[in-house]
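Participant: Okay, here's what each chain looks like letter by letter:
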Amino acid sequence: MQYLVSVIFDTDGLATQDEMAAIDAFNERLEAEGHWVFAGGLASPSSATVIDNRGGEALFTDGPFVETKEYLAGFWIIEAPDLDVALVLAAEGSRACNRKVEVRPFL
Amino acid sequence: MSVIDVREAITQAHREEWARVVAALTQRFGDLDIAEEAAAEAFATAVERWPADGVPPNPGAWLTTTASRKAIDRIRRENKRGDKQKEAQMLYDDDPPEPLGAIDDDRLRLIFTCCHPALAMETRVALTLRMVGGLTVSEIASAFLVQEAAMGQRITRAKAKIKAARIPYRVPSAEDLPGRVSGVLAVLFLVYNEGYLATGPDTDPIRHDLTAEAIRLTRLIRALMPEDGEVAGLLALMLLTEARRTARVSASGELVTLDEQDRGAWDAALVAEGHRLVRERLATGIAPGRYQILAAINAVHTSAHDVRDTDWSQIVALYDQLVRLDPSPIIALNRAVAVAELDGPEVALAAVDRLEDKLSGYHAYHATRADLLRRLGRSHQSRAAYDKAIELAGNTAEIAYLTRRRDQLG
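In the order they appear, the protein sequences are chains W and C. Heads up, the first sequence is in this note's numbering, so the first residue is 1 and it goes up one at a time. Heads up, the second sequence is in this note's numbering, so the first residue is 1001 and it goes up one at a time.
With the rest of the complex left out, here is chain W:
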C-alpha cells in the first residue's frame, strides 16, 4: 500500500540546514526500513504553469491552478502496510522537515 505524504507550508523560504539534515536522516531510515518509494521538494508555487489541452489546443497559464495561503512544498511517497504505520512515519516526517504534512492513500 502506498501513501502520498504532502508537505504543507505557508511562507516563502527553503528548508534550513538543520531541517535538511533531519530530512536526510529520515529519508535514510525510510530506505533502510523498506518504506521509501520517492520524495522531492518543489520550487515555489509562483514558478508553476497550468496547461489545459482538453480543447485540442494547449493553453498555458502562468501560476498555480489555485491560489492559496498554504501550498504544497514537497512530498514523500511511502510504502506502508496500513494507515497506522503511515501515520507514525508521517509524524516523524513532519518533525524532520518542521512543517505540517497530509497523508493520502493511493488507489
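In case anyone wonders, no lab produced these hints; they're calculated from the structure. Mixed in with the good hints, there may be bad ones.
What the hints assert, rightly or not - No farther apart than 20 Å at their CA atoms in a straight line, the calculated lysine to aspartate or glutamate pairs in the DMTMM-like style are these:
1. C:Lys1358 x C:Asp1326
2. C:Lys1163 x W:Asp82
3. C:Lys1163 x W:Glu102
4. C:Lys1161 x W:Glu102
5. C:Lys1159 x W:Asp10
6. C:Lys1163 x W:Glu79
7. C:Lys1159 x C:Glu1122
8. C:Lys1161 x W:Asp18
9. W:Lys100 x W:Asp18
10. C:Lys1161 x W:Glu79
To be verified - Partial selection, computed: residues in chain C whose CB lies under 10 Å from chain W:
11. His1116
12. Ile1162
13. Arg1166
What you are looking at is a predicted structure, and each value in this text was computed from that prediction instead of being measured. C-beta: ideal position from N, C-alpha, C; glycine also.
The hints should help you fit chain C onto chain W, whose structure is shown.
Facilitator: For chain C alone, coordinates are given in the frame of chain W:
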C-alpha cells in the same frame, strides 16, 4: 412461545449479539460495510423466521451463520459484476493471531477501528453507535439532531475512508494503547454527556437512551479490558452520575442541583457499584487518570447522606490533583464551586472572575457567578449573570431552574 416472548428474545439478541456479529464478520470478510449490511439482514431474517420457527437454541451462533451466508451472497453477486478492486481494498490484518489473552476479542478491534484518530470526533461517535451499539442510522441522527440522510452519508464516508486509507482492524500495540484507549473513552463520554446534558428546546432534559447506551458500551470495554484504570474510572463516573439521574430533574421539568436533591431517590445499587470501582482503583496504588479522579469526586459527593456532611476539603484536594493533569478552565470553574463551600463565596468568586477570558461564552460560568453573587447579596449583578446564563444555556431543565432562581432574587 408467545409473540411477545419472541420479540423480547430478538431485542435481547440484538443487544447482546450485534457487536459480536459485526465484529466477527469484519474479521472474516475484511470489510465493515459488508459486515454491517449482513448483520442487519440477519436480524431482519430473525424477525421474519423466529416467530414461526422458534428462537434457536444459540441465537448468537444462528445470527453469525446467517449473516455470514448473506455476506457470501453479496460478495458473489459483486464478483459477478467484476468488482476486481474489491479484494485489494479489503480491510486486512496480516499479523498472525497474537496471544492477546483477555483483550483478544473481535469486538475490541471493532471499537478501536471505529474510534480511530484519523476520523473526525463526530464520525467516531456515529460509527461506534452504529457498528458497536447497533443503533440505526435514524436513531443516531435523531440523537444528534441531524438529518437522517446527512448522518447516513457521514457513516458511509467513514467506511469508505477506513477502506481506502486502510485503517487497520486490530487492537493497537501496547505502546499506542493508552492513547488509543483514551480516544475510545472520549467517544463514550461524549455520548453519555449528550444524553445527560441534552440540548435543544424540543429535547428531553435527560436522554436516557443515550446515557444507557454509553454505560452499556463502557461496561463492554470494561469486560474486555478489566485491568485498565481509566476504563474503570469512566464507568464509575457514569454510574455515579446516572445514579442521581431521576433526582436531578423535578416533576415540573426543572433542574435540581446537587445540594437540593432528594438523596433517598438516588439509585443505591448504581452508587454501590460506582464506589466499588473507585475503591478497586484506589487499592491498586497506581496514580489515577482524569476519569478516575472525576469518579472519586463523585464518590465523595455520593458518600454524603446529607449535603452538609460533604467532605469539601477532600473534593478540593481531588480537584487540585485534576488541575495538575488537565489545566482546562472548565476544571478550574468546577474547582471554584467546591472552594465556595470550603473558603466561602468571596474567595470562589475571585477565582471564577479570573476565568472570564476563556469562559465568557459558557453558560455554566455565568450560572456559577450568578449563584456566588447571590450568596454575597449582590442581587443586581447576580441578576445580570443569570440573564446571561439563561441566554447561553441549551438544556430545558437548566433554563427553568436558572429562571426561577433569577426571579427569586430580591
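Participant: For each hint, tell me whether it holds in the structure or not.
Facilitator: Now the hints, each set against the structure:
| no. | hint | verdict |
| --- | --- | --- |
| 1 | C:Lys1358 x C:Asp1326 | holds, 15 Å |
| 2 | C:Lys1163 x W:Asp82 | holds, 10 Å |
| 3 | C:Lys1163 x W:Glu102 | holds, 18 Å |
| 4 | C:Lys1161 x W:Glu102 | holds, 14 Å |
| 5 | C:Lys1159 x W:Asp10 | violated, 32 Å |
| 6 | C:Lys1163 x W:Glu79 | holds, 17 Å |
| 7 | C:Lys1159 x C:Glu1122 | holds, 14 Å |
| 8 | C:Lys1161 x W:Asp18 | violated, 35 Å |
| 9 | W:Lys100 x W:Asp18 | holds, 17 Å |
| 10 | C:Lys1161 x W:Glu79 | holds, 18 Å |
| 11 | His1116 | holds, 8 Å |
| 12 | Ile1162 | holds, 9 Å |
| 13 | Arg1166 | holds, 5 Å |
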